[in-house]
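Number of protein chains: 2
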Amino acid sequence: MSNLKIAIQGVPGSFHHQVALANFGEETEILPFNTFELVAKSVATGDADFAVMAIENSIAGAILPNYELIDRYELTIRDEFYLPIAHQLMALPGQKIEDIHEVRSHPMALLQCKSFFAQYPDIILKDDVDTAAVAKQIATEKWTGIGAIASSIAAEIYGLEIIGKNIQTVQSNFTRFIILQSQKETNPSNPNKASIKVTIQNNKGGLAKLLTLMSDNDLDLSKIQSIPVIQKPWEYAFFMDTVFEDYVKFKQTMIEIQKRFGEVKIFGEYISRK
Amino acid sequence: MSNLKIAIQGVPGSFHHQVALANFGEETEILPFNTFELVAKSVATGDADFAVMAIENSIAGAILPNYELIDRYELTIRDEFYLPIAHQLMALPGQKIEDIHEVRSHPMALLQCKSFFAQYPDIILKDDVDTAAVAKQIATEKWTGIGAIASSIAAEIYGLEIIGKNIQTVQSNFTRFIILQSQKETNPSNPNKASIKVTIQNNKGGLAKLLTLMSDNDLDLSKIQSIPVIQKPWEYAFFMDTVFEDYVKFKQTMIEIQKRFGEVKIFGEYISRK
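Chains as they are written, first to last, in the UniProt record's numbering: chain A, 1 to 274; chain B, 1 to 274.
Fair warning: there could be bad hints in the mix.
Copies of the same chain are indistinguishable here, so a pair counts whether it falls within one copy or spans any two.
Unchecked claim - Derived DSSO-like pairs: lysine-lysine, alpha-carbon spacing no greater than 27 Å straight-line:
(1) K114 - K265
(2) K126 - K41
(3) K274 - K249
(4) K197 - K126
(5) K96 - K126
(6) K197 - K249
(7) K136 - K126
No wet-lab data here; the hints were simulated from the structure.
Let the hints inform the model, and build the full structure from the sequences given.
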């Protein structure tokens, strides 16, 4: 799988970069973009073969705007990847934790390391937009006294020293990434998981009936999230992940839902990695 | 309702500030904090009487970490507030849209104004952590050529000129805020809406059965979101908002759920504002 072009969001050293390497190997060409939208676009135009996109965090839940991008750029989920989140506190080489008066990172990363910093009440925690970008800045600006929370790859790339290892509070925390492709590519065979969006009329107990139908057809639900349909307040839409053993039964149930409840959109059929 | 102390996240001029004024009047004292955690803490300790907290965006969905704060600081939702999101493009007085080469704002605000900026492909869009904080920086640093997307209150407070009015793509976009209080305070009487968390065993069709029970008892579902229970992979937890007419029936159903499915936690009982 060499010479594949993989689109990621963020600078080199980001968690997206880490997943791209783990999934496609060290030989792949990484195309870094500033926004998720540019990532989606690059796959739609064919500039990138695949994209790696964070879709869900065990603390923050689903990243809904990314579903909207999959929808709008007509992409397909071809695989998923669970990355255990390990946060490293890093600074310029030679700096000790006592020298640090400020730590900057993504709000989610700061949140995930709260207990660690409770021991250091004098360290100011400051929100930034990206974990690896702070590491890069510390290295290029030679900032002393300032730390970053980022991945160990970021420390390696930017030559920073890890002064706090695996400082996340919940050790089993993960981020779920999806691998995206354009709809022209074929999906993996024998899928046992699918990500779908169902729009149903807001009649009494509509969702209860829908889930009963799914359960009766042995479709397990591994995720559900309602999304308000602003322009049509009488409709409800749900993002769901469903896991199944019988692919034919899954397909038949989707047709049945379409007939009885409303629109079904399949974002991808793939193999569960959990 | 004068002299109440209201905790908000963000600088003066933020959307939280706007909701605090709309909800409690111009006479209230605003306590601004850098993080949602400090906001929650200030209500728990009694430093603030109430807090205003964004909990859901019609584009991005629920802000799950804020539920965790309500849980941990033992707060209660006493009310909700739907703020129609209106984004204003602002810059130093005298600047015209042709002078602007860069616009900084929160990623969500930039996303919501994408179509507007499609007309100005030369303007670079840059993520920042806060909408109003950029407005403040432009004013204090006297930055020319740089624009902020923020609320009209922010333009007023920092003396900026609005050069693009209501530039959001979806005009009916809103953010849902909740008003928080400590559990010692009494809740409003005659509630018709509740925010709950239910933890159920992952048996086949568990959620379908739970929702059927709720529907049979005339509890409408206005929101649902599954959250993975990391440490206990055999359990599922759901955040739900439910709307009802009969409060007694609601209470009885919660007891029934507790008996048949698992733990129920009520984050607040209040009056629906939608």
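Hint by hint, here is what the structure shows:
Taking CA atoms no more than 27 Å apart as the test, K114 paired with K265 passes between copies only; the shortest distance there is 24 Å, against 39 Å inside one copy. Taking the shortest alpha-carbon separations for K126 and K41, only the inter-copy value of 18 Å comes in at or below 27 Å, while the best intra-copy value is 31 Å. When the C-alpha separation of K274 and K249 is checked against a cutoff of 27 Å, the pair qualifies only within one copy, where the shortest distance is 21 Å, while the shortest distance between copies is 39 Å. In this assembly of identical chains, K197 and K126 lie within 27 Å of each other by CA distance neither inside one copy nor across copies; the values are 36 Å within and 31 Å between.
In this assembly of identical chains, K96 and K126 lie within 27 Å of each other by CA distance solely inside one copy; the values are 19 Å within and 32 Å between copies. In this homomeric assembly, K197 and K249 come within 27 Å of each other (Cα to Cα) only inside a single copy, at 18 Å, whereas the closest approach across copies is 32 Å. In this assembly of identical chains, the alpha carbons of K136 and K126 lie at most 27 Å apart whether taken from the same copy (16 Å) or from different copies (17 Å).
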